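Visitor: In order, the protein sequences belong to chains A and B. Heads up, the first sequence is in my numbering, so the first residue is 547 and it goes up one at a time. Heads up, the second sequence is in my numbering, so the first residue is 126 and it goes up one at a time.
Just to be clear, a hint being listed does not mean it is correct.
Chain A regions said to be covered by chain B (calculated; three or more residues, Cβ under 8 Å) [stated by the list, open to error]:
(1) 670-682
(2) 771-782
(3) 789-799
(4) 946-952
These are calculated hints, taken from the structure and not from any lab test. These numbers come from a predicted model, not from an experiment. Just so you know, even glycine gets a beta-carbon here, dropped at the ideal spot from N, CA and C.
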Amino acid sequence: MHPTRGETPAAAPLPARRLRTVPAPTHGPGALAGRLAAGAVCLALVLPLAAILWRAATEDQGEPLFRLGPADLAALRFTLWQALLSALISTLLAVPVARALARRRFPGRGFVITLMGAPFLLPVIVAVLALLAVFGRGGLVNEGFTALGLPTLRIYGLHGVVLAHVFFNLPLAVRLILQGWQAIPAERFRLAAQLGLRPSAVFRLLEAPMLRATLPGTALVIFAICLSSFAVALTLGGGPAATTVELAIYQSFQFDFDLTRAATLAVIQLALVAGAALISLRIGRPAGFGSGLDRPVTRWDAGSLPLRLIDGAAIALAAGFLLVPLAVIVLNGIGGLTRLPASLWPATLNSLLVSLAATATTMALALAMALARRTWVETAGLLPLAVSSLVLGTGLFLLVLPLAAPATLALPITVLVNTLMALPFALRILAPVAARIEAEHGRLADHLGLTGLARLRLLTLPRLRPALGFAAGLTAALAMGDLGVIALFADPQQATLPLQMYRLMGAYQMQAAQGAALVLLALSFGLFWIFDRWGRAGAHA
Amino acid sequence: MRHLAIAAGLLMATQAAAQTPELTVYTYDSLATEWGPGPVIEAEFEKTCGCDVTFVTAGDGAALLSRLRLEGARTEADVVLGLDTALMGAAAESGLFAPSGVTADYSLPIDWTDETFVPFDWGYFAFVGLTDGPQPTSFRALADSDASIVIEDPRSSTPGLGLLLWVKQAYGDEAPAIWEALADNIVTVTPGWSEAYGLFLEGEADLVMSYTTSPAYHLIAEDDATKTALAFDEGNYMQVEVAAALASTDQPELAQQFLQFLTGEAVQSAIPTTNWMYPAVTPAAGLPEGYETLTVPATPLLMPVAEAQAARDAALEEWRAALAQ
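Go ahead and model the full structure; you've got the sequences and the hints to work with.
Guide: Here it is in structure tokens:
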């Protein structure tokens, strides 16, 4: 027996139970496209690694096999530990915020939700400097403490690393979990209210199963991002104790020129993320609530004053935590706007082109892979998170070298790398929704003989639209702000906006760099806003 | 019509390019930006060489050498511009570079005898702080003081590696003890110079590991005289930035001509206010106004190249062990 589909959703029995897992399509162009996409992604990750290993073999560096030393093991331990803490804390803190946003309607709610994307989009150095303006030695928090006669707080250390990672990833976690909340049909909450269920029962019967389905995937993405952290971990970690695997890779390339070591470390990173992905996809089975009419949710269970206060506080705290550093970036940047060099604008145009191209390719891949609904396809889609962009860039560089001057391919390769880097996020956003659509409506569509493009057009895409908009927005903004591999390939005439910003910093022009950071923030946020709005405009039936 | 015009223009440009020899110069990123000396170097050299200079960039000196090693003999580079004394050992071992044949009357504080690498600018590493801030005069005094410092990681940045060798040369076997004593002064270690300098300007630390020439930028470009660099009693470690011709170049004469040109007036007079370093050969007009205010350390320190190359790995391990607690 499964919950009723179709026209009488409110009659579905409570408690909502897990739907049996609907088998993935084993035939048809949809499944094939997804598998081809996953294969292409794997190839795009493996070939560069293989190229580095092959080059290492021809380099004749003595020891063919690399053994991990004590320093590498320490780096591995620290990397895992900080990534785990960052993922758990970001995810747990995101739950009350997402719940508050899910069950409250207030003016500016749409803006707050959009804003939730912003920190995620910032270049590392910009975010770190903004965080330091708030939490650093002379930051706002310490000024407040000093004024109150309290001892000052020191941000550098593991807690600083985690704070920064939470700042980066809390918004993403909130959005992913919010998406889970919004997937619970309004009719379930209505029925719960008719039955007079208390908030605790609503949580147990409706919200807990949803969280179980959503949290592991959310934590996994954040874990994987933090696994390849480098500049944040080192800068805020306070010293070499905060060495991550990514820094060890960097060191292998630039300091030791030990390609074997770099490739070995890259493989370890990859294995860690693949392992974590398998675990989390296993825990995070989809919750089944049956389908509803996609009506706006009214939450009769959440009307009490204490709950309102809790939700209000969650939203205010999260918004404050994210907004104050962003405000610092805006205020610092305004002064630098007049100092921006003319060369910034061609770089900006390059970044826009890269961003839009990467969005198109990422969305095509992510859609195909989400619709294939297979664990290995999904795992493949998460792997790019684990590959250091330095490894990817160097590998691609080696692959391109015999064919063309690398600089001539700088922008296409940047698009490729950004596509790979954004794919895990897009897939994480699309896959659960695609699975739900199939679980809820797949059978009816099968009965109706709705297949192929017609099914995509009539059933899947309209219901996927909010997720598509969010995923496209995130991809566009990520590709806009990513420094990635462009630095390995670009010549002086071929910069992107983030690269140009770093160049300004390197030339002592900190003020102009802050202006460039503001332009970057505005453009990434603008792109994110446009796509996300487009998605959410179609959210209400 | 417009497309036709563009196509014709491209065609003409290609034909012109086919007739003039091309000199491909690999350099680090900030050197080739519009604020760096790159544009002057390109324009001035093209005036006389009858060639076309193309810059190809990598992040910094270390990235530049890695890239050349990745490319090996297949590289298109004719000249590399922007390695430094800390990288010269590895660069020489790679066998990628050819003797320069350049002679010049260098104004370096040390004798320059290397026949492959041509110095084009140099500077002293130093801690930079505010004129009204703490100004310790040695590593020991710094370690004993409350002054906070932000430094760069030797594994990922040139000044970081410079600091590592500086402490090693000044203190030898005592270097680990110095690092342990400095540990509580170090606010944090950043991946690169930009991050460290940014943190310092934000007020996160009293002092930052940089160059004695850093205050010149603030003074000359921003009219800000509040920054100062510290001379240490032990001496200050030097960085000499060098250029070299690739052994695999198909333009050996042009490459040599370019290296010689680097030590000439046109480039050397541009260095102080574009790369913010001392010129390797003092230009006829002397140093620009403002440079006379800079701190000049009494003792220049620089490990011989082979010694630096040999000491590097052990010094790094000492650094890591002392600071990783």
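Visitor: All the hints need checking, so say for each whether the structure fits it.
Guide: Hints, one by one, checked against the model:
Counting residues of the region 670-682 of chain A whose beta carbon lies closer than 8 Å to any beta carbon of chain B gives 6, which meets the minimum of three for the stated coverage. Counting residues of the region 771-782 of chain A whose beta carbon lies closer than 8 Å to any beta carbon of chain B gives 5, which reaches the threshold of three, so the coverage claim holds. Counting residues of the region 789-799 of chain A whose beta carbon lies closer than 8 Å to any beta carbon of chain B gives 5, which reaches the threshold of three, so the coverage claim holds. Only residues whose beta carbon comes within less than 8 Å of a beta carbon in chain B count, and the region 946-952 of chain A has 3; three or more means the coverage holds.
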